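Residue numbers (the numbering used here), protein chains in the order written: chain A, 10 to 319; chain B, 7 to 219.
Some hints here could point you the wrong way.
[As the list claims (entries may be wrong)] Just some of the chain B residues that point at chain A, by a computed CB distance under 7 Å:
| # | residue |
| --- | --- |
| 1 | Pro43 |
| 2 | Gly46 |
| 3 | Ser47 |
| 4 | Ser48 |
| 5 | Pro115 |
| 6 | Thr164 |
| 7 | Ala168 |
| 8 | Leu180 |
| 9 | Glu183 |
[As the list claims (entries may be wrong)] Which stretches of chain A does chain B cover? Using the computed rule of at least three CB atoms under 8 Å from a CB of chain B, they are:
| # | stretch |
| --- | --- |
| 10 | 162-168 |
| 11 | 199-212 |
Source of the hints: derived by calculation from the structure; they are not laboratory data. None of the values given here were measured: they were computed from a predicted structure. Note that beta-carbon positions come from the ideal geometry of N, C-alpha and C, so glycine has one too.
The lines below spell out each chain.
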Amino acid sequence: MNFKMKSTMRYWFSCVVLFLFADLIILQDAQAQRGIREIHQERSLYRNIIVTEDSSRRCLRFTITRRTGQNQSCRFLENPQALVFPYAKMTLSSLLVQDDPQRILIIGLGGGTLPEVYHTLFPEAEIIISEIDEAVLSVAEDFFDFAQTDKIKVDIGDGRVYVKRAALRNESFDLVIIDAFNGEYIPEHLMTEEFLQEIKQLLPEDGMLVSNTFSTSRLYDAESQTYQNVFGEIINLRMNNTGNRIIIASRQSLPDLNTLNRRAANWRSRLEIFDMDVTDYPRFMSTEVDWNTEERPLTDQYSPANLLNN
Amino acid sequence: MAESLASMNNLLILCLAFVSGFIIMSIELLGGRILAPYFGSSIFVWGSIITVFMLSLSLGYLIGGKLSLRNPSLKLHGSFFMLAAFLLIPLILFGNQIMEALFLVIEDPRYGSLIVSMLLFFLPTAVLGMIAPYSVRLLVIDSNHSGHVAGTLYFVSTMGSALGTLATSFYLVLWFEVNQILITMGLILFLSGMLAIFSNKTFHANKAALDIS
Chain A
10 MNFKMKSTMR YWFSCVVLFL FADLIILQDA QAQRGIREIH QERSLYRNII VTEDSSRRCL
70 RFTITRRTGQ NQSCRFLENP QALVFPYAKM TLSSLLVQDD PQRILIIGLG GGTLPEVYHT
130 LFPEAEIIIS EIDEAVLSVA EDFFDFAQTD KIKVDIGDGR VYVKRAALRN ESFDLVIIDA
190 FNGEYIPEHL MTEEFLQEIK QLLPEDGMLV SNTFSTSRLY DAESQTYQNV FGEIINLRMN
250 NTGNRIIIAS RQSLPDLNTL NRRAANWRSR LEIFDMDVTD YPRFMSTEVD WNTEERPLTD
310 QYSPANLLNN
Chain B
7 MAESLASMNN LLILCLAFVS GFIIMSIELL GGRILAPYFG SSIFVWGSII TVFMLSLSLG
67 YLIGGKLSLR NPSLKLHGSF FMLAAFLLIP LILFGNQIME ALFLVIEDPR YGSLIVSMLL
127 FFLPTAVLGM IAPYSVRLLV IDSNHSGHVA GTLYFVSTMG SALGTLATSF YLVLWFEVNQ
187 ILITMGLILF LSGMLAIFSN KTFHANKAAL DIS
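Chain A extracted, bound-state conformation (with noise of 0.2 Å):
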């Protein structure tokens, strides 16, 4: 190597040294600015996990890099009960259509906001959570109050195959809740026809299913037709100010608006806790097919979820 190209390759090399430390410097400087503090990061087998706080709120992010990040769960400081994200809100708005579960699954833990809030809800409720992170449980553990008992347990592994052995073991439960991030998107498996069959299957006849997903991107046409495909007639819930996304699904015919109303009222201040009324959301939950229906669903042999999210 003669020494000019050692020089340009010098040079190179230390334009990219420093961009990547301003990049950090720039980032830790914003974070500063708002009062934000890493108090716990890890890597676990499966992302990085970083815990944060500022003087209003505790969050856990799951990231790929520091700017890519988002926060999966957060809760204030203040009033722990009272929900930090639209979604959570949006989830529990759910109850309009199918309420009283007995048995509920959850497949994510992150934070472990939906099991306590639905532990708060239904004391009685056997609540099982499928985390596939052994990482995440210990986390919420430490620092977000989450506690298994014998109403909440977790069960470590992938929540496909906890739904599959449940259905093998004729299992049923009144609510699942699908609320599974890698950071990134909804692991691929958990997005296919084949698994909202084996979901299906563990439902009885007035059971229901909540998947928390997005409305901005490309899967929403093929999601939305999947979830058709599966269940007919589902339940839309957007919002003006979220890019959340509800679906609801259930065997049973959903309700008309005027019954969701009416739910509504009787439900209003037992959800006040949270912060969220919940008269608000039945308008903008609809059965209208607003997404192309020529778009391919995914399946076990077509799921490039990942791809198409770009």
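With the hints as your guide, set chain B onto chain A.
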């Protein structure tokens, strides 16, 4: 004439090595997708798949090397490709039934995924592994050049592997179903085998010509 035929054959052998490298990694990558519905996408599922591919390739190298000792021919070389194509059939046709059966028998997804990977991928991959050392034997004319020949061959086949990984994960899964990709791989292997067997005659003819000169 004989020399140009020889270089044609060498080119063919290198192309086939590229194809086998491409297909090995494409299948390995699809393995994760195939197993996920039954065993999830936990880290040990990839662990199982990679273990099985490494085991089967190592055994394939050993057997391929042994077989190259006696009467090396493009005919046998081509039959490896055809055999590998046939060994993909159980994976395509009965993959789900096999996984279903083992899912019922083995509770632990670690050993479940390991044994299923063995059943589905071991044989086709081992046969694909036989191709590389056998190709070296077909290409080597004198021992002084054996390292150079082996280096070129591994360069070509590993390039194939790299492209196979890239093409499958970036594009093929976006355009096709898993089984459509596997069937295409099987057909390509079959046709490659046919091509090698068909070229066997010219291979022998020009070998003879070279020997005389």
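Verification of the supplied hints:
no., hint, in the structure
1, Pro43, "holds (5 Å)"
2, Gly46, "holds (2 Å)"
3, Ser47, "holds (6 Å)"
4, Ser48, "holds (5 Å)"
5, Pro115, "holds (6 Å)"
6, Thr164, "violated (25 Å)"
7, Ala168, "violated (19 Å)"
8, Leu180, "holds (4 Å)"
9, Glu183, "holds (4 Å)"
10, 162-168, "holds (count 3)"
11, 199-212, "holds (count 3)"
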